[in-house]
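Given these sequences and hints, build the entire structure.
Position one of the sequence shown corresponds to residue 11 (my numbering), numbered consecutively onward.
Some clues are possibly wrong.
[Claimed, not checked] BS3-like, lysine-lysine: derived pairs with alpha carbons at most 25 Å apart:
no., residue 1, residue 2
1, Lys146, Lys33
2, Lys89, Lys279
3, Lys33, Lys89
4, Lys124, Lys33
5, Lys202, Lys88
6, Lys88, Lys33
7, Lys146, Lys89
8, Lys84, Lys213
9, Lys146, Lys213
10, Lys213, Lys202
11, Lys89, Lys245
12, Lys88, Lys146
13, Lys88, Lys279
14, Lys146, Lys84
15, Lys202, Lys89
16, Lys33, Lys90
17, Lys279, Lys33
18, Lys146, Lys216
19, Lys279, Lys90
20, Lys89, Lys216
21, Lys88, Lys216
22, Lys245, Lys90
23, Lys279, Lys213
24, Lys146, Lys90
25, Lys202, Lys279
26, Lys216, Lys202
Quick caveat, the hints were computed from the structure, so don't treat them as lab data.
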Amino acid sequence: MVSQMERLLINWVYLLRPEQWVKNLLVLAPPFFGGVLFTSQDMFLEMVLAFLAFSLASSTGYIINDISDIESDKLHPKKKLRPIASSSISITEATVLGLITLALSLGLSLYISKIFLLIIVIYLILSLLYSFYLEKIVILDVFIIAIGFVLRIEAGGVASVIDVSSWLLLTTFLLSLLLAFGKRRFELVFIKNSGAPYKEVLKHYKESFLDTTLSMFGTTAIVMYSIYAVVNESKTFLITVPFACFGVLRYMYLVQTNTSGDPTESLMKDIWLLLCVVLWLLVTTVVIYFSHIVDFIL
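What follows is the structure, given as structure tokens:
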């Protein structure tokens with residue numbers, strides 16, 4: 011039987027949403043694609059700290075968002091189970107936890123570098139503005155989410171002292187727009203089917219518009235990634251393009267068949283998307299870190 015303390019700890023962890031931390035692996039992208047992520051222990055440990063700093067910052071953002079959306083979350087079929095909305099954790103307790111994650115994130119960020127700290131502060135300010143105002147503005151709400159992913163890439167470049175490719179930034183931005191608009195479409199259909207109250211911004215979205223954005227950003231993301239693969243120093247990097255194409259198309263399929271829309275949930279629950287991502291990671295790792303072997307074979 012779960013004790014009261016254990017239940018409280020579970021709710022605290024749930025409030026932090028560690029399952030969403032997978033998004034913060036993007037900070038590893040610059041050194042990973044730069045071929046230096048695994049070259050030294052110091053580099054790897056530095057990037058682990060960067061990942062933790064951004065994860066704690068994102069958890070702070072989730073807490074702020076849950077506090078600001080408490081009333082609407084109480085009326086939502088799924089979100090009403092969140093710790094704050096269900097009153098499992100009080101707003102005071104959530105605020106204290108948020109201050110702790112904020113302090114830890116800022117401390118780690120300052121240890122890494124002042125520029126990294128600046129990026130984290132910008133991310134937190136955007137999270138604050140998003141929670142209390144920007145998430146209610148149609149289209150801009152999605153762009154703010156996408157900018158958050160771009161900031162993760164930039165933070166990774168700063169932490170690893172690597173100049174981030176413009177192609178990588180653009181690919182990340184376009185892919186983020188695809189994922190965010192896909193999530194909006196899934197939310198819209200879910201609310202229509204469940205009869206739950208509409209989230210403010212969803213009142214301004216139409217399925218037809220969201221389907222158009224999915225097609226547009228899905229196509230441009232694939233094109234941009236393909237260009238990135240072409241201009242890459244390793245010609246064998248083109249091998250990764252089919253995996254990227256399949257992953258994008260699979261996500262679009264999941265969204266338009268109303269199977270899933272949340273990127274993290276899709277990755278965890280859809281075996282084909284998960285398999286594609288794993289294979290893409292394996293192939294990309296081999297191409298970048300064992301290019302001499304690949305060139306010899308080909």
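Open item on the list: Run through the hints listed earlier and report the numbers of any the structure violates, in increasing order.
Closed with: Structure breaks hints 11, 22 and 23.
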